[in-house]
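S.K.: Residue numbers (UniProt numbering), protein chains in the order written: chain A, 1 to 620; chain B, 1 to 215.
The reader is advised that the hints may include incorrect statements.
[Claimed, not checked] Now the in silico label distances, taken between C-beta atoms and shown as ranges:
hint : chain 1 : residue 1 : chain 2 : residue 2 : range
1    : A       : 451       : B       : 35        : 42 to 50 angstroms
2    : A       : 481       : B       : 35        : 24 to 32 angstroms
3    : A       : 439       : B       : 56        : 53 to 61 angstroms
4    : B       : 38        : A       : 499       : 28 to 36 angstroms
The hints are simulated quantities; they were obtained by calculation from the structure and are not laboratory data.
All C-beta atoms in this analysis are idealised placements derived from N, C-alpha and C, irrespective of residue type, glycine included.
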Amino acid sequence: MDTSDSEHFESADEEFNSDTEDKNVKTKTISDTSETLKLKEMTISEESINVSNVKEVSTVNVVSNDNSCHDLKRKNVKPVVRNPTADKSDKRSKPGKLKLGVKLGTKITSTSCNAIKCDDVEDSKLKSNYDNKTSSSSKTNIDDNHKTCISALKDIKNEENLQKLDKREEIVLDEESNMWADDEWEPISSTDNKLTNKETNETNKTVQNNFSSGWGGWGNWDVTSLLSTATMGVTTITNHVSQGLTTVLESGIGVPDPEELARLNKMEGKSKESIEVDEEEEEKKEVDSKNNKSGVPDLTFGLGSFVSGVSQITKLVESTGNKVISSGLDTLETIGKKTMEVLQEGDPGLKKKRAFLKIDADKPVLSHILREAKEKAEQENRLAEEKHVSKKANYETLFDDHQGLAHLEALEMLSRQCDIKLKTLLESHSGADLIEMQETLSQIKELCELTDEDEDEKEELDESEIKEKIETAVTELNVSISYNKLMSTWKDISHWLENLDLNLYSAAQLHEESINILAQLTAVAVELFHKTGELLLIKEHRSTVDEADSLVQLTTTMTTLISDIAKKASNKLNEKATQSGSKDNVNQFITNVYFEATNSSSYIKNAFELLIPVLQVGAV
Amino acid sequence: MSAGPYNYSYIFKYIIIGDMGVGKSCLLHQFTEKKFMSDCPHTIGVEFGTRIIEVAGKKIKLQIWDTAGQERFRAVTRSYYRGAAGALMVYDITRRSTYNHLSSWLTDTRNLTNPNTVIFLIGNKCDLEGQRDVTYEEAKQFADENGLMFVEASAKTGQNVEEAFLETARKIYQSIQDGRLDLYAADSGVQHKPSQPGRNTLTNDQQSNKDNCAC
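Hey, can you work out the whole structure from these sequences and the hints?
M.R.: Shown next, in the form of structure tokens:
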């Protein structure tokens, strides 16, 4: 190998640097291949930590972005990264909220994606690539790491030893170079007090000499074993850390559990222990290899210094690695905690977010609105009671008293469940199947369109006609449900209204009773729709068209009954008004009765609409 | 039917689960009406009962969801677990099969409710001592192993019925006091009456979230 070779070396290096500049673009492409990502999820977090282990700054990268890392690096704030990291994640997490979590995720996955890619490259390619990558990484990495790379460089020259290199190490180096391939070709940082610039340059030269002259044999075994031991050490640590990160990630996705955090803390302690153990082992081996080295004849100028340099480097790698890992681990913990905090801000247990991911609430939930209204009214009533004013009739409270609210809520839950089922089904279909399914669903929706023409066409309701209408509709539904309750409630109410002794009730009392019966009838209607929904869902042979048809019939019948009651009640109020002569007051009551009747009808229609997904589920 | 005075501070959602015929509806009826229903029809899907109780001087409205025990309704009733603050899991001490199915009911409950949901195991029909098929000890052991509260009760005599419902409420109330139960979470199963800042924002949040997610 001569000048041409080293030229190649240089150019490849440059190429690689430019590659790194395109990293963002790459990252995007990579994150597109999310399927691969999923498959290699475990590998991902493991490998990404590899990156963060070798250099603390890269841990920062996991949190924030490349720029901040570069900044950190330039300032040489290496050993005290921990606090800035926490601060950074602090600052960044506030405005980002949810986004931070996403960012964190993509950062980790995308960087490690490179690693995976590298993993996939064939061995032969690897070898050649490796030269470039390693060199570029040695250029850009900080001191200790740099030396690891140098030894790696040397190692590469020996084909028989190449296989011994852990792939993971390679990934680490590759990652490093990807992330850190900037303009700094200064191999020694100012914080390195053990090695002088000169020394390292010397070492560097030695390696390059070695490189170009093709000296294969010397001391390879020792260096390799050193390197692989170091690799092993890092790997063990990495495993611990990655477990920690996985825990953070997992807990981030699922239920935030304080146990998780506790476990993380424990894990930190554990990995610290193992680091110490690893370090001890490392030192032993180092001494051994040193002893071996002393026996090796001094073949070249600078070899001795190289050898001692290497061992010092290794020591340095280890000690820095320790700091890196412990601070990295703390950082990870901070990230995890912070992310969860931010994600959970105003949303404990991530309930809303999880609910949101499942169901998109495109309309406010009726039962919630009703409950709110009810509670507001009840509070007003409490205040009124305190002032010894008679309680005002409140529709929502009465509706709840008749269990209408509970049934409505249950029906909503049922409807939502069906919606989820439909969405899942739609997602599992594609192409013609999907279109066909969507068509079916919209056809059902069309079948369920309510016409509100015939609401006020009749003056007097024919009881038997209504009864027949309901019975036909129920038969068509083909579920074992009886709508007798609806009929009997309506009959009772009508009967009560017709035989009302106006002298026994004040206008206010009459108004209250009218609201009450409207609420009662509506509650019955909602209950029946709820029961119908439940029974339809367990029905074996669905006939969606008939079901939709009869439900439309039932809905219109119910609203007819409501308006009938409202009419009868307001007639009574009118009678009362003429009797007592307090017209103004009663007019307000009548308006209110009609208002609540309209509300009742819309609640019934709403309940019917909640049944549409139930019908749709039966058709697909 | 009428719930009477409305000055309660909390609403707790309960759900009663268990095999068909173990007496879920009867327990509810005994609790709300203080009467025994000797001829109780099968429940369709879910039925409701309410009663206002008092815990630590606070009035609490229990909104009880009495589910159908029939296997065919299982999928439907699973939709109703969400947001239950308390779950009463009932078996029949005279029928071992209903006891054997408890683990399946427990799995459903754990999967479908939040971690703070109080689960109370009730061995019903303890008035039928002569036909006993499940011993108190083994049920107690099962309850202890799974961290459940346990009592043997009788919907017929009313023995321990109040206790089961009230004890559950006390435990839930304790969770609120300890801050373990978040009142404003959508599925905590508890609603706090006086002011409800959580309710309004829930709907709004979800809507705004949806808007943001037009991607």
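S.K.: Hint by hint, say whether it matches the structure.
M.R.: Hints versus structure:
In this structure the supplied range 42 to 50 angstroms holds for residue 451 of chain A paired with residue 35 of chain B, their Cβ-Cβ distance being about 46 angstroms. The supplied range of 24 to 32 angstroms is met by residue 481 of chain A and residue 35 of chain B, whose beta-carbon atoms lie about 26 angstroms from each other. Checked against the hint of 53 to 61 angstroms, the C-beta distance between residue 439 of chain A and residue 56 of chain B comes to roughly 58 angstroms, which is consistent with it. Between residue 38 of chain B and residue 499 of chain A the CB atoms are about 35 angstroms apart, so this pair conforms to the stated range of 28 to 36 angstroms.
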